[in-house]
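**Student:** So the chains spell out like this:
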Amino acid sequence: MPAIDGKALILAFSALGAGMAMIGGLGTGIGQGIAAGKAAEAVARQPEAQGDIIRTLLLGDAVAETSAIYCLIIALILIFANPLVRLL
Amino acid sequence: MEFFPRVVFYLKFLDYKVPITETVVVTWCVMVILMVFSYFAGKSVGKEEGTLQKVCAVFYEAMEEVLNETMGETASTYIPYIGTLLAFLLLSNLSGLFGVRPPTADLSTTLVLAFITFFLIQKESIGRKGLLGYIKSFFEPSPALFPLNVIGSFSTPVSMAFRLFGNILGGLIIMNLVYSALPLFVPVPLHFYFDIFAGILQAFIFVMLTAVFIATAD
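These protein sequence lines map, in sequence, to chains A and B. Quick note, the first sequence lines up with residues 1 to 88 if you use UniProt numbering. Quick note, the second sequence lines up with residues 1 to 218 if you use UniProt numbering.
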């Protein structure tokens, strides 16, 4: 059995880490779903305020998305610009 | 490898070779398009209204209406900057449709735009509280929280930059994966989502966040 060299090991675990980092998207998905549900309720109650509700929903979703975007950036860096390989 | 923008050519400057990336080239194309458009739209000012001028007037009135709602009396100061920002971001995000790399899929572009917003927030903050009140606000409620306050004010532009960058780059990478797996027909509806829908939405969100942060700076 050939010995595994350090670089291959780091790359393999980086790929696993990138996949695991995206678990952080879970919370954002749930949160945005709840926000969209509440917005639908609000439109049903006050159809004339639809424009304001959609704008508030989009802005709130954008801020709520931050954590998922950070997860995505970490995953992308682990895959495309891995800083750990250089430490070897 | 689509994470880093491609280097198109090198500019020789004294002893240095400055790399010119696809981002720079596409940004200049967007700028040229905007400037030529503005030149021809502005030609008819004061004379009989041209078609392009009418388009610009509709754009301006829509911006004015939205910004008056979100920013109140400060809106009139910022309509020129925020309108330009929206036009630039819209063209940048939609440039993916022409097969080039959107400039906003580069962290340099988005960080610079976000830091313009950051300085505008600080400027509004100083204008409202005075220089002393502004400095004092970093030591409230207790001087021990000074580092946290500084990090807090810097996290605004960083999160704005990463949001735009992450969304556009994520779409770009998914599109590249789809193109390498199923190059026929399948990418067409995905372009509608990743380039048109997400591009317009992210441009709108960046602009609205800029407006809201400037309006609520204190």
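What the hints contain is simulated information worked out from the structure, not anything from laboratory work. Don't take each hint at face value.
To give a feel for the contact side, a few chain A residues facing chain B, derived at Cβ under 7 Å [unchecked claim]:
1. L57
2. L59
3. I69
Heads up, the beta-carbon is just placed ideally off N, CA and C, and yes, glycines get one too.
**Student:** Would you list, in rising numerical order, the hints stated earlier that this structure does not obey?
**Tutor:** 1
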